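Chains as they are written, first to last, in this note's numbering: chain R, -2 to 275; chain E, -2 to 275; chain B, -2 to 275; chain C, -2 to 275.
One or more of the hints may lead you astray.
Since the list gives no way to pick one copy over another, a pair counts as held whenever it fits inside one copy or between any two copies.
Capping the alpha-carbon separation at 35 Å, the derived lysine-lysine pairs in DSBU-like fashion look like this [to be verified]:
#, residue 1, residue 2
1, K155, K227
2, K195, K227
3, K6, K28
4, K28, K261
5, K261, K155
6, K227, K261
Note that these hints are calculated values from the structure, not bench results. Values in this document were obtained by computation on a predicted structure and should not be read as measured data.
4 protein chains.
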Amino acid sequence: MPYPLDPNKMYRMPTHFGPRAGPRQGPDGRKFECIDNPLGTAYSVSFLTNAQQLQAFLPPGFSLDGEPVVTVFTNHMTEIEWLAGRGYNVLGVSFPVQFNGEQDQVRGSFLTVLWENLTDPIITGREEIGFSKIYCELPPPTHLRGEYHLIASWLGFKFLDIHLSDLRELSLEEIQTRQASATSDGTLHYKYMPRTGKWGSADVAYPVLTPAANSNQRILEQHVGAGSIKFHPARWEDLPTQYNIVNAFADLEIVEFRGASLTKTVGGKDLSDQRILR
Amino acid sequence: MPYPLDPNKMYRMPTHFGPRAGPRQGPDGRKFECIDNPLGTAYSVSFLTNAQQLQAFLPPGFSLDGEPVVTVFTNHMTEIEWLAGRGYNVLGVSFPVQFNGEQDQVRGSFLTVLWENLTDPIITGREEIGFSKIYCELPPPTHLRGEYHLIASWLGFKFLDIHLSDLRELSLEEIQTRQASATSDGTLHYKYMPRTGKWGSADVAYPVLTPAANSNQRILEQHVGAGSIKFHPARWEDLPTQYNIVNAFADLEIVEFRGASLTKTVGGKDLSDQRILR
Amino acid sequence: MPYPLDPNKMYRMPTHFGPRAGPRQGPDGRKFECIDNPLGTAYSVSFLTNAQQLQAFLPPGFSLDGEPVVTVFTNHMTEIEWLAGRGYNVLGVSFPVQFNGEQDQVRGSFLTVLWENLTDPIITGREEIGFSKIYCELPPPTHLRGEYHLIASWLGFKFLDIHLSDLRELSLEEIQTRQASATSDGTLHYKYMPRTGKWGSADVAYPVLTPAANSNQRILEQHVGAGSIKFHPARWEDLPTQYNIVNAFADLEIVEFRGASLTKTVGGKDLSDQRILR
Amino acid sequence: MPYPLDPNKMYRMPTHFGPRAGPRQGPDGRKFECIDNPLGTAYSVSFLTNAQQLQAFLPPGFSLDGEPVVTVFTNHMTEIEWLAGRGYNVLGVSFPVQFNGEQDQVRGSFLTVLWENLTDPIITGREEIGFSKIYCELPPPTHLRGEYHLIASWLGFKFLDIHLSDLRELSLEEIQTRQASATSDGTLHYKYMPRTGKWGSADVAYPVLTPAANSNQRILEQHVGAGSIKFHPARWEDLPTQYNIVNAFADLEIVEFRGASLTKTVGGKDLSDQRILR
């Protein structure tokens, strides 16, 4: 008399103990509104690279959209309701793309990878919504005499340094102007799950979109200034599961840095509007 | 000109940077023999429970096999070649089952959940071979005056205590006798991956088997004795992603403990013989 | 030709590599002003206990001052300049005392112990200024639906839970009124260093004072409300270096809780005005 | 009625809660025999440097003894009884010296610094027995295809790499020959404690000796081979409390490496025979 799966509930492995709570399903199935949480402090640095290098990273149906500007960002989140008030940090690398499918034509930011420093959101993010999440250590930033420094490492191997400086706070009007000029349809991903035993083939392979709309996120304050990033090349021995990802970024030409920002926000959304692109 | 996926290579998200190294694919595609590594120290405690409670955990096609004896085990591994010589720890809960499918009839150990203290093997394990791996902290055991104590926690909430004592070392002959009497076809799992956007439905849902054969694992020494386990009930606030799993085990009746073991091993296999059951 | 110690510089072990940087001595001997750093978020809960229990904790020359009200507080600090912009967390237990010495008569808060989650300030604090600092894990608080929860643990053994709720923000006027009513001379400590080889005797044993004055700390916001604390009794096996400290607090009668506060601050002082009481 | 200090017991700050358990005083004052614990795995690499550089590190009364050969070693200890069966790791740097005092003339190894990855033994070691212990992260070694790699870092800044390779196991006879040829009187240290408020002056400043005798330590196995070390220069921003220590070692000339060893041991002593040199 094996257990049935309730088609109105969400599951992840292990499925044997009932529905699994996560960002889109709390205890008793409740939803998380994401209005007064999470709190986020995001640091971002952009740089111009060359288009040819970025094209090599494009999944089927994707093409570059406009200038090849890569953004490296972190977000340090606290008071996350689905984690019962805990927090975690993320580090992402993205650039603007278009997706031209049979049904869908969208423009947005392609999130090529998202490192996180907690496993639970990595699992829900990969499996439920197709984010390319992997793990690294993301300690809190240091802030010394106006300069912010962030690092990322994996089991002690530091693979990234980020610096921000010369920050000035934007006025409310400036923030609104920047937001109004954003025309993205959302964030694009490519979900892939290998098939067990048939190595090299996939159980799942499709593009997905995080729509830009529907978010309760509000900017509390925003600062802009100068910034730089430096990925450190790794041997397989240093990063045996991630060396090729880090090396791909370390190899990217940096034509020029395009500024940095520090943004404090509250609210968000549960991403239950994540959808497959066709 | 998007990137192609090489059908002879293994991928995991992100797929944009080429094949991904892992337990079954090293740099340049090399395999890991698992002959002189990893080193493992495994602690195990078993108890008799009641069959009805275990039946509630059975996926489709599974039934109990023999006495309802649950085994809680940890394995502390070092010198893992696919991690370039690093280690990590695992904690599993299993019991004997049969699987009766259209093609496959197998008997073995059902691994209901496997906690691990490192994200990278959790990802490869879930996605490539369908292990129900999730994260927890697994500090090294304490050993004081003949008693071993192991704990498991998640972000500071301790959900399990394991104690072993009165251990005596087995002779080589005793070890061989025990191994010869094992008749398992392997370890059973149920792989499940949710479908993005169609919440409640699955992209992937099938039973998988880790065959017992083909392993290079050798027992270096083995000790048997007494042991006990205690799962601590959790509120959603304590373990917002895992409370129902821990509570399911905390609710299990412990009719009697059935002994404990400490086993040191070397070698293993890369689990590339993992296969879907039909 | 052994190295000389420069009498105008500060040293800690190891002394062989020149003066040691710390809170009161930066590189090139510079001082830290502590004006725009550190940032602090402090959580505090007080309770009335019985005087007799507290008297057992009083060093020579100390006596209770007024009601036996114990305050358990944490402070989560970031952007600390002497740590080059890093942060750390502290957890203290204090109550009001008088010190009557031959020369000094002071009233203030007796800081019986201060747990910290970073070794470097523990060493400087113990040796330079006589704080009774010891180590524990102090993860960030959780904040869920208006309730804050803080924990403290040592190698996985949780020995303290703190809860705050029903917080309301104080007006600037209320904050100023509370500050004006404070009449403490500062914080009292008892510095003790054992003599090597002559076990049971001391190299150093004297009371010290952190004067209340001279601080650049400013309150940015303050909230008051309800709170509770719970120390969990420990065996030697659980906390082999600290069990008697935790058990002393776990044994304290809690006659009634006396409220809680959450205070955000900026600035401080380098504590170079710390002095021996006589 | 303040508390008395029992002259037959050992204390550390805080002294208010009774005697403090530690390596030389267990619960109820019991001693730790250190016969079947701790277990240790030590890795060591030596190199010839120039004498002049080492002389700059010598405290009063110390002089170099023989060739200026520096040894960098780690020890990974488990099953430590005074920590109720837990373990921790250490990293030390030493070289051979003589001490010529008014009463004492001793030859031995000068332990200039000992990093440890746990605060509790750092405190007892500094204050009770005058070891120059400070904190760093010391993850377990990696072992890949015959090569061992160890690292040391502080809050994510890696300051040391150690490599060992080409190890061959010594016979029992070889081990005994090596032990018999050792003529050290023990390990030398310089204990220093600053005086509160009188910055630049000391409460405590004296040399101490860990006698070579009286230990229950036994070598279980020993391997010797090749090795190398590399200290990485640090800015104050990288290691704000330790940059000058690490830089002193990074500046040391490496004339040639003098081999490496891997040694597994059981037992030790409680170091209660630590004594002041005069």
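Going through the hints against the structure:
For the identical chains of this complex, K155 and K227 are neighbours both inside a copy (11 Å) and across copies (17 Å), given an alpha-carbon limit of 35 Å. Taking CA atoms no more than 35 Å apart as the test, K195 paired with K227 passes in neither setting, with 38 Å inside one copy and 39 Å between copies. For the homomeric pair K6 and K28, the shortest alpha-carbon distance inside one copy (12 Å) is at most 35 Å, but the shortest distance between copies (39 Å) is not. Taking the shortest alpha-carbon separations for K28 and K261, both the intra-copy value of 24 Å and the inter-copy value of 31 Å come in at or below 35 Å.
In this assembly of identical chains, K261 and K155 lie within 35 Å of each other by CA distance both inside one copy and across copies; the values are 26 Å within and 31 Å between. For the homomeric pair K227 and K261, the shortest alpha-carbon distances inside one copy (24 Å) and between copies (34 Å) are both at most 35 Å.
When the structure is compared with the earlier hints, a violation turns up for hint 2 alone.
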